[in-house]
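Each of the two chains sits in its own frame; use the hints to bring them together as a complex.
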Amino acid sequence: MKAVIEVENLVKDYGDLRAVNGISFEVNEGEIFGFLGPNGAGKTTTIKMLCGLLDPTAGKARIAEMDVRTHPMEIRKQIGLVFQTSSLDDRLTGRENLSFHSRLYNLPRKTEEERITELSERVGLSDRLDERANNYSGGMKRRLELIRGMLHHPHVLFLDEPTLGLDPQTRSYIWDYIQELKNREEISIFLTTHYMDEVELANRAAIIDEGEIISLDSVEGLKDQLGGDLIFLDTEDNERALEKLEAEFNIKIEHVDSRLKLTVEKGEQLIPQLTQVLSDSIKSINLHEPTMDDVFLHLTGKEIREAEAEDNSMEKRMMH
Amino acid sequence: MNTFKHVGIIWYREILRYWRDKPRIVGSLAMPFFFLIIFGSGLSSSIGQMMGGAAEFGIDFKKFMFPGIIGMTTLFTSMFSGLSIVRDKEYGFLKEILVAPVDRLAVAGGKILGGSTVTMIQATLLFLFAPLVGVGVTPLLVLKVWGLVFLGSLGFTSLGTFVGNQLDSAEGFQMVMNFLIFPMFFLSGAFFPLNDIPTWMAGLVRVNPFSYIVDAMRQLFFQSMGLPETMMERLPEFGLGISLFNTRVTILMDLGIMVFLSLALGTLAVRSFHQME
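Residue numbers (my numbering), protein chains in the order written: chain A, 361 to 680; chain B, 63 to 339.
So that you can see chain B by itself, here it is in the shape it has in the complex (with noise of 0.2 angstroms):
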């Protein structure tokens, strides 16, 4: 029961700490607002080509890229939540955490799910965009997005979490972040279509994790959008969509993988509290 309690204060406090923050929230604005604006209009004509029959059914590279905007607003965001445990390295009141009679995996919980919630109120602030891309967002749409972020930003930001109770300095954080981070959004499929990509390139979208919350974000989209299902089935084709053994990922299938991430990734973070002194 205490638990509980503990995770919903440890979380009120970084929820807190985010809303005191208010140029943090307008400045993490601004990049996805420049991906869209700047990449979805210079390369619109270019990677539009690319889209093959998509184009057909409404579907340009500013719409495929807002999906995946908002996947990546959701890694960026949920792995730098990870600095928070830096910050508190840092500034000594992670000391006062410790000692606390607590048990850690409230600490855990309740920073993990902190992030999580801070990515949700981040990714719910790019719909304001969606206008300028011409999404046309419903309450049904904006209620699985907060679904799938949530799910997804589980993973993330345990592994930022993990990743901020091995470092003692944010500049180092930033760092390793970055070699973390960047890797996973190149080769997601979040930023172009996936056809025509070299073999090991393919391979390495596949490994990553983060292709999966990007494809079922884009699917969630498409379907919003009014695409229909025989159109779905050959997203892969138009590398709009990943196959696995010649299957096409499903959000469901998309949706598996994220809960065995977060789970895994969890652990990881937990146990990582409990080595700490």
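The shape of chain A in the complex, shown without the other chains (with noise of 0.2 angstroms):
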């Protein structure tokens, strides 16, 4: 597989502080690659590095085999971005937003039309176009800067924390068309986000946290990293339950709480014969499968908003 973006031992200081350190990473031909972690855990500064904006402090960064330092203008027309925060001129019209664009991108006027009929019809945008953008619901808005940053067909589509500020419901259907959209047009995507089910929408996703990559993996993969899936179960008598299933099944089993904890391969499977084995006796019986959430508590120790509220003071910090 062929690799659109390429970084190799980057680094980015902002005075003495190392926001982003010596990290290495590829992203392939048509995947969607996930960038996962807190606030102030590098992330944007990554991207920034990566759209020429940010000069960064050591290493190397190459899009489309093109170094980000010598070739920052063939680069930006190779990528399109979608910014954490608002960018839309309110004061234009949808239309008028993603005109202005195309023209900064040189596109010609009838591929300009064409792209804007085609795109704001999948995400049904048509008949609202020649409105003015402050009309717009914070859903729409997204769907109008997702749409310019595809329209002029770039290799690689930025989207830094996409759906941040968004209800869940918006938040599912945005995700919904950048599905859509990512099946119809050859391109590949950098997403970064800090909410850990839009990784799993990722083909590959890396764990960045206070500025190091510390995994890097399929979603699978990095699920895998925590041993599987994990039953919970609480029955009339926990230490008689324990005694049985140890003599039964070689599987890890602790005490947690009132509940014993089994970490098992395929739970799903596995509830069937714990059934059998303990009969009557379950009081209860639950299945966890492990999501990103787990993945970062498993890797860094903390939960992401723990992270968060510890990094909010070097985010400052770096904002200015």
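You may find that some hints are simply not true.
Derived lysine-lysine pairs resembling BS3-like cross-links, with alpha carbons at most 25 angstroms apart [claimed, not checked]:
id: 1; chain 1: B; residue 1: LYS151; chain 2: A; residue 2: LYS437
id: 2; chain 1: A; residue 1: LYS501; chain 2: A; residue 2: LYS542
id: 3; chain 1: A; residue 1: LYS437; chain 2: A; residue 2: LYS470
id: 4; chain 1: B; residue 1: LYS67; chain 2: A; residue 2: LYS437
id: 5; chain 1: A; residue 1: LYS612; chain 2: A; residue 2: LYS542
id: 6; chain 1: B; residue 1: LYS67; chain 2: A; residue 2: LYS470
id: 7; chain 1: A; residue 1: LYS362; chain 2: A; residue 2: LYS470
id: 8; chain 1: A; residue 1: LYS604; chain 2: A; residue 2: LYS583
id: 9; chain 1: A; residue 1: LYS612; chain 2: A; residue 2: LYS626
id: 10; chain 1: A; residue 1: LYS362; chain 2: A; residue 2: LYS501
id: 11; chain 1: B; residue 1: LYS151; chain 2: A; residue 2: LYS501
id: 12; chain 1: B; residue 1: LYS84; chain 2: B; residue 2: LYS151
To give a feel for the contact side, a few chain B residues facing chain A, derived at Cβ under 7 angstroms [said to hold, decoys possible]:
id: 13; residue: ILE71
id: 14; residue: ARG79
id: 15; residue: ARG82
id: 16; residue: GLY154
id: 17; residue: PHE155
id: 18; residue: LYS157
id: 19; residue: GLU158
id: 20; residue: VAL161
id: 21; residue: ALA162
id: 22; residue: PRO163
id: 23; residue: VAL164
id: 24; residue: GLU339
It is worth saying that the hints were derived from the structure and are not from the lab. Just so it is clear, CB atoms sit at the ideal spot from N, CA and C, and this is done for glycine as well.
Structure follows, in structure tokens:
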């Protein structure tokens, strides 16, 4: 597979603060690559370096085989961006926003019109295009930004926290649109997020914390690091149940609170066997498939929320 | 080639945004109107006496003030056009421009020319008040004023844009602008004749770049009113013109100063765009 983004030991310092500390990864053609970490972990800084907005302190980054230091203009033609926060001109209509973009990217007029019609239809904006953007809802603005980022047929689309601040319902339909657009265009997506469930839509993901990649794998692979599914079991006599299970199966069992925690490979297949062995002494049984939350907790020893609270001060320093 | 096209696109957006903001267009005429009517009428007799021989040629205080008011609009509008960059930052639109494959020179050029165009429109609208002060308007005068306003506004839009690039909030921008604009405005002779002012003030007037826009504007109007050349020579004497090293500053010298100013401040503004992340 061909790599569209190649990053080697990339470093960025802000004064004496190291925001990105020697990260390396590759993003392959056509894949969705997730970049997961708390706020202030270095995600936006990395994107800025990849787009040529920020000079790396050290290391190498290449997009479509061009170095970000030496070919910033050529690279900008090859990438699309959807920013963390709104970046529309509210006083212009949706169509004018798109048209401004396509002219900055030198699209021929005919292509411009075709692309605007095609993409706006796909995200259900065609009948609202001639309204001023300040009349749009949060979700509509995001959709407009999404198709604006794709208007000029970029190789790579950077989505920097694309659903930040949207309600869950809007988030989920924005994701449907992203998937839909992704299926039709030949495009790789570099996605940063701190919503764990969004990374699950990626092919591969890197987990970044305090400027370093602490794990990089397929989403399945990352989850496998946890050793599989968890089953929480409560019975009438947990001690006896423990003995029985240890005699019967070769699995890891721990006491957690007043329940038994079983770490198993295929949880859903084990449950029927459990009920046979323990028969009617079971009070409750709960299968928990690992999420990216668990992965983050497992790798960093902290919940993503805690990490954010901790890094708040660091983020403030980076913004100034 | 693309750079020119990009300048045009960015310029067009500035004009479109201006055009969509009708209250701003009308509202910005209010201050010059009040200055002309209230100050012009109120101070006409007392300041009129200070203007010496000029009165013989039919130049009263209102006619004196009118070119100054066009100068004032030029200064205010062009400096405040830097607000557009602060707004783009606040609304996030600047990111869209900065990541586009566009030379920063084109971004700066489009913004500056956009501000200058808006300034020219605002200045032109002031001719609506000309009948109120009895100033005759000829097409040639309007053309000359356009040229002067354009050249004068290049430097000040550049300065406004440069300041805008350094700041993140519209409120902050307004404070800094007031700090820069008002001394320039009051120390320019736009508002009162410059005779019998303290020496320190006369010095400040001469280092104030805005003085030369007002001076050129006033000379254009006086010429158009048919003031004889012998009288033009004596303008500094009545505080209606500026002299440097005992030489009267002519329109050509004013223009030279503006070209220099535009180049210097334009370079500053372009550089500040290159430094943006």
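Outcome of the hint check:
no.	hint	result
1	B:LYS151 with A:LYS437	22 angstroms, holds
2	A:LYS501 with A:LYS542	19 angstroms, holds
3	A:LYS437 with A:LYS470	18 angstroms, holds
4	B:LYS67 with A:LYS437	16 angstroms, holds
5	A:LYS612 with A:LYS542	41 angstroms, violated
6	B:LYS67 with A:LYS470	17 angstroms, holds
7	A:LYS362 with A:LYS470	32 angstroms, violated
8	A:LYS604 with A:LYS583	29 angstroms, violated
9	A:LYS612 with A:LYS626	13 angstroms, holds
10	A:LYS362 with A:LYS501	33 angstroms, violated
11	B:LYS151 with A:LYS501	17 angstroms, holds
12	B:LYS84 with B:LYS151	22 angstroms, holds
13	ILE71	5 angstroms, holds
14	ARG79	5 angstroms, holds
15	ARG82	5 angstroms, holds
16	GLY154	4 angstroms, holds
17	PHE155	5 angstroms, holds
18	LYS157	5 angstroms, holds
19	GLU158	5 angstroms, holds
20	VAL161	5 angstroms, holds
21	ALA162	4 angstroms, holds
22	PRO163	4 angstroms, holds
23	VAL164	5 angstroms, holds
24	GLU339	5 angstroms, holds
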